[in-house]
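Asks: Below, each chain spelled out in residue letters.
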Amino acid sequence: MSYPNTLKYTKDHEWAKIEGKIATIGITDHAQSALGDVVFVELPAAGRTLKHGETFGVVESIKAVSDLYAPLDGKVLEANAAVSADPSLINRNAHDEAWLIKLEMADGTSTAELMDAEAYTKYVQSLK
Amino acid sequence: MLKRTALYEEHQRSGGRLIDFGGWELPVQYTGVIDEHQTCRTAAGLFDVSHMGEILCEGKDAEKFLNYLVTNNVSKIAIGQAQYTVMCNEAGGIVDDLIIYRRGEDQFFVVVNASNTDKDYSWIQKIHASGKWDLTLRNVSTEYTQIAIQGPKATEILQTLTPADLSAVKTYWFTESTVLGGVPAIIARTGYTGEDGFEIYLDWNKGPELWRALLEGGKTHGIKPCGLGARDTLRLEVKYPLYGHELGDDTNPVEAGLNWVIKLDKGDFIGKGPIVAMKERGPARALVGLKLTGPGIPRQSYTVHLADGTTRIGELTSGTQSPMLKQSIGVAYVAKEHSAIGSKITVDIRGNKVPAEIVATPFYKRPY
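Protein sequences appear in the order of chains A and B. Start counting the first sequence at 718; every next residue gets the next number (my numbering). Start counting the second sequence at 84; every next residue gets the next number (my numbering).
Because the hints were derived from the structure by calculation, they are not lab data. Note that the structure is predicted; figures quoted are calculated from it, not measured. Note that beta-carbon positions come from the ideal geometry of N, C-alpha and C, so glycine has one too. Heads up, some of the hints might be wrong.
[Stated by the list, open to error] Below, in silico cross-link-like pairs of lysine-lysine (DSS-like), each with a Cα-Cα straight-line distance of 25 Å or less: (1) B:Lys-346 - B:Lys-253; (2) B:Lys-322 - B:Lys-253; (3) B:Lys-86 - A:Lys-780; (4) B:Lys-302 - A:Lys-845; (5) A:Lys-780 - B:Lys-374; (6) B:Lys-159 - B:Lys-86; (7) B:Lys-322 - A:Lys-780; (8) B:Lys-419 - A:Lys-780; (9) B:Lys-253 - A:Lys-780; (10) B:Lys-143 - B:Lys-215; (11) B:Lys-346 - B:Lys-419; (12) A:Lys-734 - A:Lys-819; (13) B:Lys-159 - A:Lys-780; (14) B:Lys-374 - B:Lys-302; (15) B:Lys-355 - B:Lys-374; (16) A:Lys-738 - A:Lys-845; (17) B:Lys-355 - B:Lys-202; (18) B:Lys-215 - B:Lys-409.
[What the hints assert, rightly or not] To give a feel for the contact side, a few chain A residues facing chain B, derived at Cβ under 8 Å: (19) Gly-753; (20) Asp-754; (21) Phe-757; (22) Leu-760; (23) Lys-780; (24) Glu-821; (25) Met-822; (26) Leu-831.
Looking at chain A on its own, in the form it has when it is part of the complex:
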């Protein structure tokens, strides 16, 4: 699996794409592969304020429920309706099309804790 350099990563196997004040959040290819067939997602409504580490939704495979954790502080601008309509999009294109939410980052939010692609790749390897 390869992890794009344009994304930042968390130990909860989420990615964030930072563009100005906007962070687009999804789960990594490693996460979707570990989950197996994703058949349901529950995402927050626009306007909800999230704190770093807070549960903001779930991803469910046939077998299991997995919580989603906010990697940053911010306000939900939009949830991806295409993923709600067809959760298997996550299995097919986790790093791009199957983004989950767009966050407007709170003022002063630091992204320094997030890993770059190289660090995340090492982290995933360390779990094996």
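With chain A held as given, fit chain B onto it using these hints.
Replies: Below, chain B without anything else, positioned relative to chain A:
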């Protein structure tokens, strides 16, 4: 250290994702649960179920002993026939559900759940020690590989590997024959998927050869290896109970809907008193199937409530999204007075009361 079946290397070769399942290292999936599930329903699925426990019970008093041990009538099993049954504790709770195969007048092959094998064998030995029975017991779980081939193409695929006439083996019967040109095997028309198919018991060490031959011979029929994930969704679509979910040490077979395996006219058996008592007063809860009409997936231990979301009336024992119906389905114990088919209910999913309905089961019925 996790236990491995004889097919461990086959699973690795086939890309199986191995997990710890009750102390056994077994594949939860190969290509994906949905794909494997649908393949089993439309072509054929191959399952390693060698982790199941097998206990031999042989001797002059074997039939009498088993009749005391289990709820079903063992005397009704003909040689070459199999029977589904449960064994209960003194309180009428289910120690395990099992299949008894009668291999001879005084020879029985008892198949129990993997995770219960040690508990079951101790229990059976304890009951054996409590009376004067002329019989021998032997736990032969590690001597047998058990492979299940299930699905509409199962018979055709297996037939090429055995001289036995499989068309003559009726459902819940078996034949003692050979596979692979001379390897002795018990070939039973049983399974846990709701499909037609067979379960094959053979020498532990011959397992890999049969596994490979079935995959190779079934290639043109679209056979695929299936993991524990698909095994669970397949059994759930036909509402077969699973120990630890629908059944447990404190579940009475009457409330589990297993009246059909309780035979009161056969004489005394363990747990008979509490079972008769529950039959007479009627169980307080019923095991029902439900479908969500709102979003979400019901799971084990989620609670069930009245339609208005208030009173709690029960709890889920199993749930998933059905790969065939593409609907969220579940099995739950609910209070008898709210268990009628068609009843509108709700399921608590992370604090939300999601609408659902009690439906007739099985959820899925094979078309052939």
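Asks: Confirm or reject each hint.
Replies: Evaluation of the provided hints:
1. B:Lys-346 - B:Lys-253: holds (23 Å)
2. B:Lys-322 - B:Lys-253: holds (22 Å)
3. B:Lys-86 - A:Lys-780: Roughly 23 Å separates the two Cα atoms, so the pair holds.
4. B:Lys-302 - A:Lys-845: With a Cα-Cα distance of about 32 Å, the restraint between B:Lys-302 and A:Lys-845 is violated, given a limit of 25 Å.
5. A:Lys-780 - B:Lys-374: Given pair A:Lys-780, B:Lys-374 holds - Cα atoms ~17 Å apart, limit 25 Å.
6. B:Lys-159 - B:Lys-86: violated (36 Å)
7. B:Lys-322 - A:Lys-780: The given pair, whose Cα atoms are some 16 Å apart, holds under the 25 Å limit.
8. B:Lys-419 - A:Lys-780: Not satisfied, since the Cα-Cα distance of roughly 29 Å exceeds 25 Å.
9. B:Lys-253 - A:Lys-780: violated (33 Å)
10. B:Lys-143 - B:Lys-215: holds (12 Å)
11. B:Lys-346 - B:Lys-419: Within the cut-off at roughly 23 Å; holds.
12. A:Lys-734 - A:Lys-819: Status holds; Cα separation ~9 Å.
13. B:Lys-159 - A:Lys-780: The hint is violated at about 39 Å.
14. B:Lys-374 - B:Lys-302: Given pair B:Lys-374, B:Lys-302 is violated - Cα atoms ~35 Å apart, limit 25 Å.
15. B:Lys-355 - B:Lys-374: The hint is violated at about 34 Å.
16. A:Lys-738 - A:Lys-845: Not satisfied, since the Cα-Cα distance of roughly 35 Å exceeds 25 Å.
17. B:Lys-355 - B:Lys-202: holds (21 Å)
18. B:Lys-215 - B:Lys-409: With a Cα-Cα distance of about 54 Å, the restraint between B:Lys-215 and B:Lys-409 is violated, given a limit of 25 Å.
19. Gly-753: Hint on A:Gly-753: holds, closest Cβ of chain B at ~6 Å, below 8 Å.
20. Asp-754: holds (5 Å)
21. Phe-757: Check passed: Cβ of A:Phe-757 comes within 5 Å of chain B, closer than 8 Å.
22. Leu-760: violated (11 Å)
23. Lys-780: It holds, given that the least Cβ distance between A:Lys-780 and chain B is near 5 Å, below 8 Å.
24. Glu-821: violated (25 Å)
25. Met-822: Check failed: Cβ of A:Met-822 comes no nearer than 26 Å to chain B, outside 8 Å.
26. Leu-831: Nearest chain B Cβ about 27 Å off; hint violated.
Checked against the numbered hints listed earlier, the structure breaks hints 4, 6, 8, 9, 13, 14, 15, 16, 18, 22, 24, 25 and 26; every other hint is satisfied.
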